Amino acid sequence: MKRKLIVFGLIFTFAIASLSACGDNSSGDTGKRSENTLTVLNYGKYMDENVIKQFEKETGIDIKYEEYESPEEMYTKYKAGAIDYDIICTSEYIIQKLISEGEVLEQDYSTLSNYSNLDTDILKLAQSYDPKNSYTVPYFYGTVGIVYDTTKVTEDEVSSWNCLWDKKHKNEIIMMNSVRDAFIPALKLSGYDINETSEKNLREALKLLDKQFPIVYAYFVDEIGDEMISGNAHMALIYSGEAAYAMDFNENLAYTIPEEGSNLWIDSWFIPKTCQNEEAAMLFLDYLCGHDVGMANFEYVYYASPLTSVVEALDEEVRNNEAVIPSKESLAECEVFTSIDDEKTALLNHLWQELKSRTVQ
Amino acid sequence: MVKKTLSNVYMTLIFLFLYLPILVLIILSFNDSKTRVEWGGFTLKWYIECFQSETIMTAFATTLQITVISAVVSTIIGTLAAIGISAMKAKSRAFYLGSTNIPLLNADIVTGISMMLLFVKFVDLGFVTVLVAHITFSIPYVILNVLPKLKQANRSTYEAALDLGASPLYAFYKVTWPEIRSGVFSGFLMAVTMSLDDFSITYFTKGAGVNTLSTMLYTELRKGIKPELYALSTILFFTVLLLLLLVNYLPNRKKSTTVERV
Amino acid sequence: MNKLKRQLLAGPYLVWIIGFIILPLLMILYYAFFDENGSFTLEYLSHIASPINVHAMVLSLELGVAATVICLLLAYPLAMILNNLKIKNQSLIVFIFMLPMWMNFLLRILAWKLLLNKNGVLNTVLMSIGLEPVMILNTPAAVVFGMVYEYLPFMILPIYNSMARIKKDYIEAAHDLGANEITIFFKIIIPLTLSGIISGVVMVFVPALTSFAVSELLGGGKVLLIGNVIEESFMQGMQWNAGSSLSLVLMIFVMVSMTIMNIFDKDGEGTAVW
Numbered sequence: 032m033k034r035k036l037i038v039f040g041l042i043f044t045f046a047i048a049s050l051s052a053c054g055d056n057s058s059g060d061t062g063k064r065s066e067n068t069l070t071v072l073n074y075g076k077y078m079d080e081n082v083i084k085q086f087e088k089e090t091g092i093d094i095k096y097e098e099y100e101s102p103e104e105m106y107t108k109y110k111a112g113a114i115d116y117d118i119i120c121t122s123e124y125i126i127q128k129l130i131s132e133g134e135v136l137e138q139d140y141s142t143l144s145n146y147s148n149l150d151t152d153i154l155k156l157a158q159s160y161d162p163k164n165s166y167t168v169p170y171f172y173g174t175v176g177i178v179y180d181t182t183k184v185t186e187d188e189v190s191s192w193n194c195l196w197d198k199k200h201k202n203e204i205i206m207m208n209s210v211r212d213a214f215i216p217a218l219k220l221s222g223y224d225i226n227e228t229s230e231k232n233l234r235e236a237l238k239l240l241d242k243q244f245p246i247v248y249a250y251f252v253d254e255i256g257d258e259m260i261s262g263n264a265h266m267a268l269i270y271s272g273e274a275a276y277a278m279d280f281n282e283n284l285a286y287t288i289p290e291e292g293s294n295l296w297i298d299s300w301f302i303p304k305t306c307q308n309e310e311a312a313m314l315f316l317d318y319l320c321g322h323d324v325g326m327a328n329f330e331y332v333y334y335a336s337p338l339t340s341v342v343e344a345l346d347e348e349v350r351n352n353e354a355v356i357p358s359k360e361s362l363a364e365c366e367v368f369t370s371i372d373d374e375k376t377a378l379l380n381h382l383w384q385e386l387k388s389r390t391v392q
Numbered sequence: 196m197v198k199k200t201l202s203n204v205y206m207t208l209i210f211l212f213l214y215l216p217i218l219v220l221i222i223l224s225f226n227d228s229k230t231r232v233e234w235g236g237f238t239l240k241w242y243i244e245c246f247q248s249e250t251i252m253t254a255f256a257t258t259l260q261i262t263v264i265s266a267v268v269s270t271i272i273g274t275l276a277a278i279g280i281s282a283m284k285a286k287s288r289a290f291y292l293g294s295t296n297i298p299l300l301n302a303d304i305v306t307g308i309s310m311m312l313l314f315v316k317f318v319d320l321g322f323v324t325v326l327v328a329h330i331t332f333s334i335p336y337v338i339l340n341v342l343p344k345l346k347q348a349n350r351s352t353y354e355a356a357l358d359l360g361a362s363p364l365y366a367f368y369k370v371t372w373p374e375i376r377s378g379v380f381s382g383f384l385m386a387v388t389m390s391l392d393d394f395s396i397t398y399f400t401k402g403a404g405v406n407t408l409s410t411m412l413y414t415e416l417r418k419g420i421k422p423e424l425y426a427l428s429t430i431l432f433f434t435v436l437l438l439l440l441l442v443n444y445l446p447n448r449k450k451s452t453t454v455e456r457v
Numbered sequence: 006m007n008k009l010k011r012q013l014l015a016g017p018y019l020v021w022i023i024g025f026i027i028l029p030l031l032m033i034l035y036y037a038f039f040d041e042n043g044s045f046t047l048e049y050l051s052h053i054a055s056p057i058n059v060h061a062m063v064l065s066l067e068l069g070v071a072a073t074v075i076c077l078l079l080a081y082p083l084a085m086i087l088n089n090l091k092i093k094n095q096s097l098i099v100f101i102f103m104l105p106m107w108m109n110f111l112l113r114i115l116a117w118k119l120l121l122n123k124n125g126v127l128n129t130v131l132m133s134i135g136l137e138p139v140m141i142l143n144t145p146a147a148v149v150f151g152m153v154y155e156y157l158p159f160m161i162l163p164i165y166n167s168m169a170r171i172k173k174d175y176i177e178a179a180h181d182l183g184a185n186e187i188t189i190f191f192k193i194i195i196p197l198t199l200s201g202i203i204s205g206v207v208m209v210f211v212p213a214l215t216s217f218a219v220s221e222l223l224g225g226g227k228v229l230l231i232g233n234v235i236e237e238s239f240m241q242g243m244q245w246n247a248g249s250s251l252s253l254v255l256m257i258f259v260m261v262s263m264t265i266m267n268i269f270d271k272d273g274e275g276t277a278v279w
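Residue numbers (our numbering), protein chains in the order written: chain R, 32 to 392; chain D, 196 to 457; chain S, 6 to 279.
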């Protein structure tokens with residue numbers, strides 16, 4: 032009995048100590064929100080912690096920072112009306128969906144003092160989903176391509192998406208475990224647009240993916256960089272920024288965009304209808320577009336920044352690394368995803384499950 | 196003799212199977228390398244950084260609060276419920292036990308989403324909703340640990356105590372409590388363990404800015420887990436180990452209590 | 006009177022059941038049977054028999070059964086060995102098997118990946134002693150491996166508990182009457198530990214059947230279990246209705262297997278899951 036009491040006692044002291052240690056900042060309680068709070072929702076590991084602290088210190092605004100893993104999860108949580116977010120960063124095709132559903136507030140972003148720091152080329156590309164640049168502010172962007180081990184695969188091989196179907200590399204190919212990204216090579220090889228939605232053409236691409244399935248080592252999302260660093264595969268479909276991270280740790284790795292073309296993705300900020308503090312949200316956006324903050328975030332995230340001052344300040348070597356900053360030529364070869372309606376999303380998911388359950392007809 | 200060696204080898208293999216990943220994590224917590232895949236020399240810096248990281252410490256504190264509060268509350272509600280259920284007739288007992296099985300049998304994700312669907316209708320998601328969810332899935336573990344003890348307990352001694360003039364509370368404390376104590380304790384422990392290990396349910400019921408270690412870890416997966424988390428897990432693991440040794444090797448324990456039915 | 010008072014102690018729990026178990030369940034039912042416009046439909050339920058779901062269900066069953074059988078085969082001898090050790094403090098055993106769970110599940114699975122990788126620790130060791138490397142990751146076998154790892158304690162503990170309760174006298178009596186070890190094992194030990202076996206089987210089979218995290222982490226995205234289908238319909242496709250109807254079917258499925266096990270577990274000792 033005594034011993035059990037000791038255990039209970041210890042656990043309690045533990046808990047009480049932790050309660051008192053952070054009673055004020057942790058519990059993020061429901062209900063009341065103080066006047067000056069900003070609830071931010073962002074991808075995981077997509078902002079330097081110090082940037083947030085600095086903002087809180089400069090403005091006295093309290094930031095409630097929340098992270099998520101995949102845009103679909105974010106969408107689920109947002110649509111459930113679970114939390115009133117003030118400002119959200121996510122992928123362009125989800126934003127487009129939210130815009131069409133009337134969930135995004137329109138703003139005159141050109142009033143931001145740092146707005147001129149944004150690369151006009153990127154803003155132009157963003158117009159494919161935000162025609163007047165009035166709903167979003169780009170945060171980071173990049174391409175989808177192939178990261179490959181130069182000791183196992185030649186540069187020539189990876190010039191076409193066909194390399195991902197080469198039986199020579201059986202069990203040495205990693206694909207992305209997200210529907211739209213995984214369809215890119217198959218759609219491009221079948222001669223279609225990455226935004227193809229007709230069931231017949233999608234099924235044609237699916238046949239290709241089905242043929243590829245037996246030689247694929249795995250379908251991953253987040254681990255691709257690490258897997259390539261440790262040499263577990265010869266090549267992988269990957270986001271450019273992720274490739275840049277992997278290349279930093281393994282000098283045998285290289286990144287390329289096959290000649291058939293690929294996808295350009297832009298992660299952007301938007302202010303949702305649920306926003307309770309527009310003024311603070313705008314202030315935060317302006318702050319993010321500044322040079323020093325942009326630089327800190329770039330160094331932390333290591334994806335292509337749409338801020339001209341940041342890119343200009345980079346070393347020649349980094350700036351010319353295709354995996355970090357896509358060249359203007361590759362930008363021209365790439366398309367941006369457009370949002371697809373619920374029915375087509377369901378179709379894509381269905382096809383994806385057919386592939387995974389090996390029931391493709 | 197051969198049999199003895201064989202059993203020892205077998206036992207060692209099973210323990211290796213269960214504890215090998217933990218050993219790996221402990222080693223990684225001392226690894227001076229940014230990626231998790233290669234050994235870069237011994238270091239203690241992750242332990243220092245782990246205590247300096249506000250995010251990790253906050254998530255750790257939230258985890259502790261939720262775990263301890265939910266385990267205590269569910270132990271109280273669950274023990275009371277078990278006593279109540281044991282006095283019930285077959286029909287209502289079946290209702291209670293059936294409901295108790297639901298959170299155990301449902302896929303975590305279903306439990307999580309169904310609660311989220313309910314919560315968002317009435318309140319904002321936050322610390323409290325996670326707590327309520329954890330209490331909900333912990334209570335069944337307590338009940339199912341206490342109930343068998345109550346079954347084994349001798350009802351007539353409790354009633355005899357009442358007949359002899361003891362107040363119900365006193366009779367409970369003197370007669371019933373010693374019999375169910377070990378069940379309550381293992382129920383509490385199960386509740387703590389389950390709460391610590393849960394990810395899915397927490398993920399759906401938490402609000403902005405509320406993170407437990409599990410949910411933080413999940414977002415960390417995106418770009419490789421910070422080695423600080425290995426350090427924290429190692430500390431947590433040894434703390435529990437220490438508690439365990441304390442419980443089992445402190446002097447004074449007359450006769451080992453009855454078998455814990457876990 | 007007294008009994009009634011005791012029953013009242015379950016009051017708080019009743020409130021809890023209604024508020025946080027039954028109500029959320031009704032939400033799932035609602036989504037399974039009503040579309041966005043709130044009208045009744047059986048459409049979602051009719052999708053259940055699609056080839057994808059059937060395939061995923063069959064695969065889940067196969068892997069779940071495999072994991073359960075392996076757990077049983079590993080746990081039973083271990084329980085006997087532990088029982089023969091005659092450890093006085095049996096809660097120590099409980100602690101030893103629960104202790105690994107205090108390290109986060111995601112982290113532990115991650116560690117296994119490091120060990121089992123193509124160029125991982127295990128293969129380095131195997132190759133250095135001249136053996137063929139093992140390529141288990143990203144296959145159904147790896148998923149079974151992960152399930153066995155995660156749920157083995159749930160098989161060991163109930164079997165060990167029921168074994169510890171066997172009275173020594175029975176075995177001695179059987180010996181005196183001339184029974185050999187094999188007869189004793191099949192005629193005494195197995196029947197007397199049956200309730201423990203059943204508890205263990207339920208506790209391993211049910212979570213293995215519904216799990217989605219293990220297959221996601223160790224299956225390399227190539228193993229689609231019914232849990233993954235449910236997870237994806239909630240998380241990726243926003244198809245809450247389809248997800249709800251599937252979870253409903255899964256629940257019924259689990260309850261049916263529980264009932265079958267209860268029939269075999271005549272004395273009802275194993276019904277309490279633990």
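Honestly, the hints are just simulated from the structure, not real lab data.
Don't take each hint at face value.
Simulated crosslink set (DSBU-like; lysine-lysine; CA at most 30 angstroms straight-line) [as the list claims (entries may be wrong)]:
{"id": "1", "chain 1": "R", "residue 1": "238", "chain 2": "R", "residue 2": "199"}
{"id": "2", "chain 1": "R", "residue 1": "304", "chain 2": "D", "residue 2": "369"}
{"id": "3", "chain 1": "S", "residue 1": "10", "chain 2": "D", "residue 2": "199"}
To spell it out: a stretch of chain R is covered by chain D in this simulated footprint if at least three of its residues, at any positions, have a beta carbon under 8 angstroms from a beta carbon of chain D; those stretches are [as the list claims (entries may be wrong)]:
{"id": "4", "segment": "68-82"}
{"id": "5", "segment": "97-106"}
Which residues of chain S face chain R? A few of them, derived with a C-beta cut under 10 angstroms, are [said to hold, decoys possible]:
{"id": "6", "residue": "43"}
{"id": "7", "residue": "46"}
{"id": "8", "residue": "47"}
{"id": "9", "residue": "50"}
{"id": "10", "residue": "58"}
{"id": "11", "residue": "61"}
{"id": "12", "residue": "122"}
{"id": "13", "residue": "146"}
{"id": "14", "residue": "221"}
{"id": "15", "residue": "233"}
{"id": "16", "residue": "237"}
{"id": "17", "residue": "239"}
{"id": "18", "residue": "240"}
{"id": "19", "residue": "244"}
On a predicted model such as this, the values are computed, not experimentally measured, just so you know.
C-beta atoms are modelled at their ideal positions from N, C-alpha and C, and glycine is treated no differently.
The hints, checked one at a time:
1. Note on residue 238/R and residue 199/R: the hinted pairing holds, with a Cα-Cα distance of about 20 angstroms set against a maximum of 30 angstroms.
2. Proximity of residue 304/R to residue 369/D is assessed by CA-CA distance (about 60 angstroms); at most 30 angstroms being required, the pair is judged violated.
3. For a cut-off of 30 angstroms, the pair hint linking residue 10/S to residue 199/D is broken: about 54 angstroms separates their Cα positions.
4. For the segment 68-82 of chain R, the proposed coverage by chain D is satisfied: 6 residues have a C-beta within less than 8 angstroms of a C-beta in that chain, meeting the threshold of three.
5. Beta-carbon proximity to chain D at under 8 angstroms applies to 4 residues in the segment 97-106 of chain R; the threshold of 3 is reached and the given coverage holds.
6. Nearest Cβ of chain R to the Cβ of residue 43/S: about 17 angstroms, over the 10 angstroms cut. The hint is violated.
7. Using the Cβ-Cβ criterion of 10 angstroms, the hint placing residue 46/S at the interface with chain R is not satisfied: the shortest such distance is roughly 16 angstroms.
8. The interface hint given for residue 47/S is violated, since its Cβ lies 18 angstroms from the closest Cβ of chain R, which is over the 10 angstroms cut-off.
9. Evaluation of the residue 50/S hint against chain R yields a violated restraint, the C-beta minimum of about 17 angstroms exceeding 10 angstroms.
10. At a threshold of 10 angstroms, the smallest CB-CB gap from residue 58/S to chain R is about 8 angstroms, leaving the interface hint in force.
11. The interface hint given for residue 61/S is met, as the beta carbon of that residue sits about 6 angstroms from the closest beta carbon of chain R, less than 10 angstroms.
12. For the restraint placing residue 122/S at the interface with chain R, the shortest Cβ-Cβ distance is roughly 6 angstroms, inside the 10 angstroms limit, so the hint holds.
13. Proximity of residue 146/S to chain R is violated relative to the hint, the smallest CB-CB distance being about 14 angstroms (cut-off 10 angstroms).
14. With its C-beta approaching chain R no nearer than about 9 angstroms, residue 221/S sits inside the 10 angstroms limit, and its interface hint holds.
15. Given the 10 angstroms rule on beta carbons, the hint for residue 233/S holds: about 8 angstroms separates it from the nearest Cβ of chain R.
16. For residue 237/S, the shortest C-beta to C-beta distance to chain R is roughly 7 angstroms, which falls under 10 angstroms, so the interface hint holds.
17. About 7 angstroms separates the beta-carbon of residue 239/S from the nearest beta-carbon of chain R, less than 10 angstroms, and the hint is met.
18. The beta carbon of residue 240/S is positioned within 10 angstroms of a beta carbon in chain R (closest approach about 5 angstroms), and the interface hint is therefore held.
19. A distance limit of 10 angstroms between C-beta atoms decides the matter here; for residue 244/S the minimum to chain R is near 6 angstroms, and the interface restraint holds.
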